[in-house]
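So the protein lines, in turn, are chains L and W.
Numbering-wise, numbering that gives the first Met the number 0 puts 130 at position 131 of the first sequence, and it's gapless, one number per residue.
Numbering-wise, numbering that gives the first Met the number 0 puts 173 at position 174 of the second sequence, and it's gapless, one number per residue.
Mixed in with the good hints there might be a few duds.
Below are the DSBU-like pairs computed for lysine-lysine, each with C-alpha atoms no more than 30 Å apart in a straight line [what the hints assert, rightly or not]:
1. L:K417 <-> W:K209
2. W:K49 <-> L:K321
3. L:K394 <-> W:K235
4. W:K155 <-> L:K170
5. W:K235 <-> L:K175
6. L:K228 <-> W:K235
7. L:K417 <-> L:K247
8. L:K144 <-> L:K170
9. W:K209 <-> W:K49
10. L:K321 <-> L:K119
11. L:K171 <-> W:K155
12. W:K261 <-> L:K394
13. L:K215 <-> L:K369
14. L:K68 <-> W:K235
15. L:K379 <-> L:K228
16. L:K369 <-> L:K145
17. L:K68 <-> W:K261
18. L:K127 <-> L:K215
19. L:K125 <-> W:K261
20. L:K215 <-> W:K49
21. L:K394 <-> W:K49
22. L:K369 <-> L:K280
23. W:K155 <-> L:K394
24. W:K261 <-> L:K392
25. W:K209 <-> L:K392
26. W:K261 <-> L:K247
27. W:K162 <-> L:K125
28. L:K173 <-> W:K235
29. L:K417 <-> W:K162
30. W:K261 <-> L:K215
31. L:K119 <-> W:K162
32. L:K392 <-> W:K104
33. W:K104 <-> L:K417
34. L:K60 <-> L:K353
35. L:K68 <-> W:K49
36. L:K394 <-> W:K162
37. W:K162 <-> L:K247
Simulated coverage check for chain W against chain L, where a stretch passes if three residues somewhere in it have a Cβ under 8 Å from a Cβ of chain L [to be verified]:
38. 46–58
39. 132–140
40. 258–269
Hints in this document: simulated from the structure, not taken from any laboratory.
Using N, Cα and C, we set each Cβ at its ideal position, and we do this for glycine too.
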Amino acid sequence: MPSQKLTLIAIAGLAACVAGPAEAQQSKELTFWSHWAAEMPKRTFVEEAIKQFEAKNPGIKIKQTWYEKTALYAGLKTALRAGQAPDIFYAEPDQVEYMENGFLLDLSDLNWSAVEPWAKEAWSYKGKPYGLPLEAWTVELYYNKKVMAELGIAVPANLQLAPDAFLDMIKKAKAKGITPMALGVGDRPYPGAHLVHEALLKKLGLEDYGALMRGKLAWSDPRVVETLKWLAGLTEAGLLPTTFTTLKLAEAHIYFHTNPGALTFLNGSWYTSRAFNPPDKGGQPKDFPLGIMKFPSVPGAVCNECRSIAIGGSYVGNAATKHAKEVLAFFNSFASFEMGNRWLDNVQVQTGIKSDPAKLTGPQAADYFKMIATTNAGAKYYFGIPIQVMTGKPKEVFIQVMNNAFPAGTISVEDAVKQMTAAY
Amino acid sequence: MPVGQQQTSGASVCSTPWGTIGVFLLPSLLIYAAFTAYPAVRTIWNSFHKVLPRADEAVGLANYAELMRDDIFWRSVRNTITWACTSPLIEVSIALLLALALYAKVPGARFFRIAWFTPVLMSYVVVGILWLWIYNFDWGPVNVALRALGLASWAKAWLGDPKTALPSLIFVTSWMWVGFNMVVLLAALHSLPREVLEAAELDNCGWGGKLVYVILPLLRATLLNLVVLSFIGKMKIFDLVWITTKGNPLWATETVSTYVYKRAFEWTTFDLGYPSTIAALWFVIVLAAVLALTWLFRLREKLEY
Numbered sequence: 000m001p002s003q004k005l006t007l008i009a010i011a012g013l014a015a016c017v018a019g020p021a022e023a024q025q026s027k028e029l030t031f032w033s034h035w036a037a038e039m040p041k042r043t044f045v046e047e048a049i050k051q052f053e054a055k056n057p058g059i060k061i062k063q064t065w066y067e068k069t070a071l072y073a074g075l076k077t078a079l080r081a082g083q084a085p086d087i088f089y090a091e092p093d094q095v096e097y098m099e100n101g102f103l104l105d106l107s108d109l110n111w112s113a114v115e116p117w118a119k120e121a122w123s124y125k126g127k128p129y130g131l132p133l134e135a136w137t138v139e140l141y142y143n144k145k146v147m148a149e150l151g152i153a154v155p156a157n158l159q160l161a162p163d164a165f166l167d168m169i170k171k172a173k174a175k176g177i178t179p180m181a182l183g184v185g186d187r188p189y190p191g192a193h194l195v196h197e198a199l200l201k202k203l204g205l206e207d208y209g210a211l212m213r214g215k216l217a218w219s220d221p222r223v224v225e226t227l228k229w230l231a232g233l234t235e236a237g238l239l240p241t242t243f244t245t246l247k248l249a250e251a252h253i254y255f256h257t258n259p260g261a262l263t264f265l266n267g268s269w270y271t272s273r274a275f276n277p278p279d280k281g282g283q284p285k286d287f288p289l290g291i292m293k294f295p296s297v298p299g300a301v302c303n304e305c306r307s308i309a310i311g312g313s314y315v316g317n318a319a320t321k322h323a324k325e326v327l328a329f330f331n332s333f334a335s336f337e338m339g340n341r342w343l344d345n346v347q348v349q350t351g352i353k354s355d356p357a358k359l360t361g362p363q364a365a366d367y368f369k370m371i372a373t374t375n376a377g378a379k380y381y382f383g384i385p386i387q388v389m390t391g392k393p394k395e396v397f398i399q400v401m402n403n404a405f406p407a408g409t410i411s412v413e414d415a416v417k418q419m420t421a422a423y
Numbered sequence: 000m001p002v003g004q005q006q007t008s009g010a011s012v013c014s015t016p017w018g019t020i021g022v023f024l025l026p027s028l029l030i031y032a033a034f035t036a037y038p039a040v041r042t043i044w045n046s047f048h049k050v051l052p053r054a055d056e057a058v059g060l061a062n063y064a065e066l067m068r069d070d071i072f073w074r075s076v077r078n079t080i081t082w083a084c085t086s087p088l089i090e091v092s093i094a095l096l097l098a099l100a101l102y103a104k105v106p107g108a109r110f111f112r113i114a115w116f117t118p119v120l121m122s123y124v125v126v127g128i129l130w131l132w133i134y135n136f137d138w139g140p141v142n143v144a145l146r147a148l149g150l151a152s153w154a155k156a157w158l159g160d161p162k163t164a165l166p167s168l169i170f171v172t173s174w175m176w177v178g179f180n181m182v183v184l185l186a187a188l189h190s191l192p193r194e195v196l197e198a199a200e201l202d203n204c205g206w207g208g209k210l211v212y213v214i215l216p217l218l219r220a221t222l223l224n225l226v227v228l229s230f231i232g233k234m235k236i237f238d239l240v241w242i243t244t245k246g247n248p249l250w251a252t253e254t255v256s257t258y259v260y261k262r263a264f265e266w267t268t269f270d271l272g273y274p275s276t277i278a279a280l281w282f283v284i285v286l287a288a289v290l291a292l293t294w295l296f297r298l299r300e301k302l303e304y
């Protein structure tokens, strides 16, 4: 009997040895939560990347779940705290709380030679990089070429209207009953602020603007006040839609290109991810005469070539994952010129992965990136928009005042400055 | 031991089957403890700590001190109290008028009963989206009607203007809950003792007199319950604000609940201590207000009889 028992144990042990590694290999499932549920080009890009990665790594499966951003962020906050977060998830570089609390996997071993250095910098915290910067974007001023021509407005060769010409454009559009600029803050904390931060950046230049963002330069600085007064003049002239405070982002896109139609639209260069969808899915009409020009020059500006560039949607690893190597391998599968160009071709938004727009194959993407390249030629960049740089109360006040109330004209320049000053 | 005493003590043993009571009570007690008592106690405990994912740090009354200086919190308190004090009065008084109209069997009473009650059946999400459309500046029915009446200068972005945003939302909740209050009051009207009403009629009491001296005093308990229910509901209001304005513009519609959510999930921090402090303080305020209302009503009742 004892010998029989020993034999059984030995067989069981052998079976475990044989089955163990295979089972372990099969059980390597990476969980992955991502925003972009409604953004098909990005979804398709990521889903294809997953398929490709799984085909090359048969022992690894990726279980993907798509979310909308708000639900994802709320879910992640509780899941991370409870130790139930996925191995890989979507994040943006302003979410410093993830890094502060040690929730993110150190990605120092990623193939960073395939990533733009400034994109790596955006994701660096205390000397270590934490995010795969997929999406990058600049603030662009889109316009309807046909309507602009009908109004008799000539966009200059440098693509930047002078302050007077910009005001004239607003007046001409208003006189014809056309909204000069489609913009709404109904569901986002930044579209209205684009007006404010792009103007302030040009006026102050990179260094002083950075100081303003970090609370080292007073909002009562005469240059800031002067710029806000100039902006107030533009909004008083009727720059924005009457529905500005309640217009949602998706609605603002449609407002610009379809109904009722606006002359310009100030938006991130990810405009394409909605506007290049088929028209029945909220995209711009076929043959829409899309043009891109620079944000107008600002009176007395020291850096009219300055503009904001931001890292948007990125992927990060969970520091508590049991599959750190596999997570890194998955991220490395994105880090190549080929993937960078595929992103540009399919998603048609800039990326932090190194790429070459000259080699794009899709005609729509090639045209679009030519326009983006032209408006960005010679630009000096400030990395991040205010809500990515600010935290806590200054951020909350900035959203309420500079994104919403000030552009809406419900608060004076003096009150806006007072509120921002009190926030620090 | 006397026989009688023995019987009594035997009967008392028989009449209190603690084991059975325990078995029946235990599931609900466990659920109550897990989902109500523990979270409430934990929230209060959190309010004295900085609650970070891997370490809790006791901070004493620091969170409460910060809360006292937090002007956004005080704006949210002001908004919530305004809402909780005005809405119940509007809802209950309009509901009373509608219930009386139905009680008096106005023509089309059946239709009106369904029509007035329907908004209660909708969720806040649906109601929020619906009223976003109704308040739309360009094509919303409110502004379209104003323009049609030659009052174009009155048209405005109702939810986008700090002066009108909160009243506009208060109107929405009143529209939504009037039907519920009306149905409850109608049921109460139908259950009024007929003999009292008939006695008033025999005394040549008119409709006005009957309403003021008979019906309203008899309905007082129902009215007060409705006011308290509505008050508590508005002190906790979140969904409608979140769908429509998210507390904008300029915190004009920020309520305590939306501010707690923002501090817990939208500020760049994992700390749950500060949001817990807001929740704990607000819990105490709501509890105190409800107790005060109850005490007030009981007191008046005693004075009258």
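Hints the structure fails to honour: Hint check: 1, 5, 6, 9, 13, 25, 27, 28, 31, 32 and 33 fail, others pass.
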